[in-house]
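Chemist: Chains as they are written, first to last, in the numbering used here: chain A, 1 to 113; chain B, 1001 to 1113.
Hints in this document: simulated from the structure, not taken from any laboratory. Among the hints, a few may not be true.
[Claimed, not checked] Lysine to aspartate or glutamate pairs mimicking DMTMM-like chemistry, simulated, CA-CA at most 25 angstroms apart:
1) A:Lys71 with A:Asp55
2) A:Lys71 with B:Glu1053
3) B:Lys1009 with B:Asp1071
4) A:Lys105 with A:Asp17
5) A:Lys56 with A:Asp17
6) A:Lys68 with B:Glu1098
7) A:Lys105 with A:Asp31
8) A:Lys42 with B:Glu1098
9) A:Lys105 with B:Glu1098
10) A:Lys42 with B:Glu1075
11) A:Lys56 with B:Glu1098
12) B:Lys1057 with A:Asp31
13) B:Lys1057 with B:Asp1029
14) B:Lys1009 with A:Glu39
15) A:Lys105 with B:Glu1053
16) A:Lys56 with B:Glu1082
17) B:Lys1057 with B:Glu1082
18) A:Lys71 with A:Asp49
19) B:Lys1057 with A:Asp49
20) A:Lys105 with A:Glu39
21) A:Lys105 with A:Asp55
22) A:Lys71 with B:Asp1029
23) B:Lys1009 with B:Asp1029
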Amino acid sequence: GESVGLHLPTLSVQEGDNSIINCAYSNSASDYFIWYKQESGKGPQFIIDIRSNMDKRQGQRVTVLLNKTVKHLSLQIAATQPGDSAVYFCAENIQQAGTALIFGKGTTLSVSS
Amino acid sequence: DSGVTQTPKHLITATGQRVTLRCSPRSGDLSVYWYQQSLDQGLQFLIQYYNGEERAKGNILERFSAQQFPDLHSELNLSSLELGDSALYFCASSPSAEPYGYTFGSGTRLTVV
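The following block holds chain A by itself, in its conformation from the complex (with noise of 0.2 angstroms):
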C-alpha cells in the first residue's frame, strides 16, 4: 500500500537508554518526512522533519535517518527520559496525493526509571 507504517507498536526502554524508533514507506515519490510525538490527551507535537535529499538530520538529542534505497526513516533519541514516554508518528508528504502528511500508526515508546 501506499500509506507509512510502523515496524514495532510498542517499544520499552530504560531511562538513560538510546531509542530508536522505525518507520517503512513504501512511496518513492515521498519528498517530505516528520516525527511527531504524541502525548495522551494531547495533540501531536512536532519534533523532527527530513527532506528527500539528505540522509541525516539532528536535532536536540534526536537524529532521524532517512535511507531512500530501502524506503525506511528511523528517529534515534538520545538519553531517554521519562518525559520522552508517548506514541510516536511518522509522517510523509506524497507528493500524487496532494499536499497533506499520511501518517502511520504509531509506535508507543515506554521509558522506564
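Dock chain B against the given chain A, drawing on the hints supplied.
Modeler: Only chain B this time, still in chain A's reference frame:
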C-alpha cells in the same frame, strides 16, 4: 500552546445528530488540515483548506463537510452521526499550501452515544 485553537475540547452527542467543530489556525497560517484519530488508530487525513479554498481531500465521508472562512478559521461539520464517528478530531495549520511547518491543535474528543 501550539497557537492552533480547537473548540470544543469535548463533545457528547447522540446518534443521528449533527455537530460542528471549530479550528482557529496559528496566526499567519493560511492552510488548515483536519484529521480523525480513532482509538488505537493513526491520524487519518480528512480535508485541507488553503486560503478559503479546498486544496486536498482524504478519507472524508459524505456526511462530513468543512469550510474555511475569510478570517481563516475553519469548521468541520459532522452529520447523521454514528457510533463509529466517536474519535479525536485534530486540526493542524501551516503557513502555505505545502505541509512544511505543520502545527496541531489539542483536538476535540467526540463521543457519539
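Chemist: Failing hints, ascending?
Modeler: Of the numbered hints given earlier, those the structure breaks are 2, 15, 16, 22, listed in rising order.
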